[in-house]
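Using the sequences plus the hints, can you model the full thing?
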Amino acid sequence: MSEERVFSLRNPWFTWSVGGTIAIAVVGILIGFIWLPSASSAFGDRSLWATICGAAGVPSSWYNGSSGNAPVPSEVVVLPPSPWIHPTADSIGRGATIATQNCSMCHGVTGTPPVTAPALAGQYPDVIYKELRDYQNGLRQSAVMQAIIAGRSNQNLEDLAAYYASLPRPPAAEVLPRGDEPDANAVKLAMQGDPERNIAPCAACHGQLDRKGAAPWLGGQSEVYLAAQMRAFASGARHNDINEQMRNVARQLTPAEIDGLANYYAQMR
Numbered sequence: 001m002s003e004e005r006v007f008s009l010r011n012p013w014f015t016w017s018v019g020g021t022i023a024i025a026v027v028g029i030l031i032g033f034i035w036l037p038s039a040s041s042a043f044g045d046r047s048l049w050a051t052i053c054g055a056a057g058v059p060s061s062w063y064n065g066s067s068g069n070a071p072v073p074s075e076v077v078v079l080p081p082s083p084w085i086h087p088t089a090d091s092i093g094r095g096a097t098i099a100t101q102n103c104s105m106c107h108g109v110t111g112t113p114p115v116t117a118p119a120l121a122g123q124y125p126d127v128i129y130k131e132l133r134d135y136q137n138g139l140r141q142s143a144v145m146q147a148i149i150a151g152r153s154n155q156n157l158e159d160l161a162a163y164y165a166s167l168p169r170p171p172a173a174e175v176l177p178r179g180d181e182p183d184a185n186a187v188k189l190a191m192q193g194d195p196e197r198n199i200a201p202c203a204a205c206h207g208q209l210d211r212k213g214a215a216p217w218l219g220g221q222s223e224v225y226l227a228a229q230m231r232a233f234a235s236g237a238r239h240n241d242i243n244e245q246m247r248n249v250a251r252q253l254t255p256a257e258i259d260g261l262a263n264y265y266a267q268m269r
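Just so you know, we're using UniProt numbering here: the sequence shown kicks off at 1 and counts up by one.
Bear in mind the hints are in silico, worked out from the structure with no lab data behind them. Note that this is a predicted model, so its numbers are computed, not measured. By construction, the Cβ of each residue, glycine as well, lies at the ideal position given by its N, Cα and C atoms. Some hints could be false.
Derived Cβ-Cβ restraints for the label pairs, each shown as a range [unchecked claim]:
1) 177 x 198: 30 to 38 Å
2) 154 x 244: 45 to 53 Å
3) 245 x 184: 23 to 31 Å
4) 224 x 26: 47 to 55 Å
5) 188 x 16: 41 to 49 Å
6) 25 x 188: 29 to 37 Å
7) 8 x 187: 56 to 64 Å
This is the structure:
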């Protein structure tokens with residue numbers, strides 16, 4: 001009776017089992033990490049290494065802190081300061097005065113949201129405050145906004161945030177035709193994202209599912225404005241998002257997906 005060891009290269013069953021397992025693993029890696037990502041249009045025109053990293057769910061390059069020309073990250077605003085939790089009538093009144101004199105022409109007050117500027121009525125106060133600070137510090141660029149906000153005090157910014165947050169939200173900028181359903185792909189991106197492309201669901205930061213500090217409510221905003229901002233994030237022209245969250249998402253979206261998401265949120269109240 002043979003007493004040949006099982007785990008030995010002399011044992012043909014063991015040799016064929018190990019060889020077959022390795023061959024299957026290699027084929028699986030080639031298919032899952034190279035062929036399928038390369039064949040899918042979802043990964044875009046990226047290098048082989050970037051495609052493999054994207055399939056594995058890891059970044060293709062790591063930040064080493066050596067870039068001296070990178071823009072300064074936006075200030076992190078997670079929770080609104082206490083004056084906004086229970087704003088005083090005086091603060092809201094001061095904000096109303098500043099808004100009437102400087103802001104209403106572009107941003108409106110109530111009614112139909114502006115086309116190329118965001119509707120601020122009913123927006124979260126920490127969002128308004130953060131964006132005003134970013135304009136003031138040059139982290140977000142606008143010749144009009146920076147000229148208006150440059151000399152304002154921190155109290156002015158808090159008053160403006162309190163005033164606009166106290167207003168009711170305006171009606172949706174777009175109306176879904178009767179009998180029509182929202183774009184299914186836009187709904188999926190908004191509520192589920194696309195893990196294969198490292199796209200988090202919009203609703204995880206902007207409301208509906210959850211909200212992160214300084215992430216605005218998008219519902220009812222102008223379709224033109226929303227699409228323009230997503231494209232600005234995708235190109236890097238706008239870079240005041242905390243930890244590049246919006247840039248990482250927007251640069252993965254196709255032009256059609258950007259338009260679909262903009263239309264979806266424009267129809268939301």
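Cross-check of the supplied hints:
1. 177 x 198: 30 to 38 Å: For residue 198 against residue 177, whose Cβ atoms are near 34 Å apart, the range 30 to 38 Å holds.
2. 154 x 244: 45 to 53 Å: 26 Å, violated
3. 245 x 184: 23 to 31 Å: Holds: the Cβ-Cβ distance is about 25 Å, inside 23 to 31 Å.
4. 224 x 26: 47 to 55 Å: 50 Å, holds
5. 188 x 16: 41 to 49 Å: Given range 41 to 49 Å: holds, Cβ gap about 45 Å.
6. 25 x 188: 29 to 37 Å: 32 Å, holds
7. 8 x 187: 56 to 64 Å: 58 Å, holds
Violated hint: 2 only; the structure is consistent with all others.
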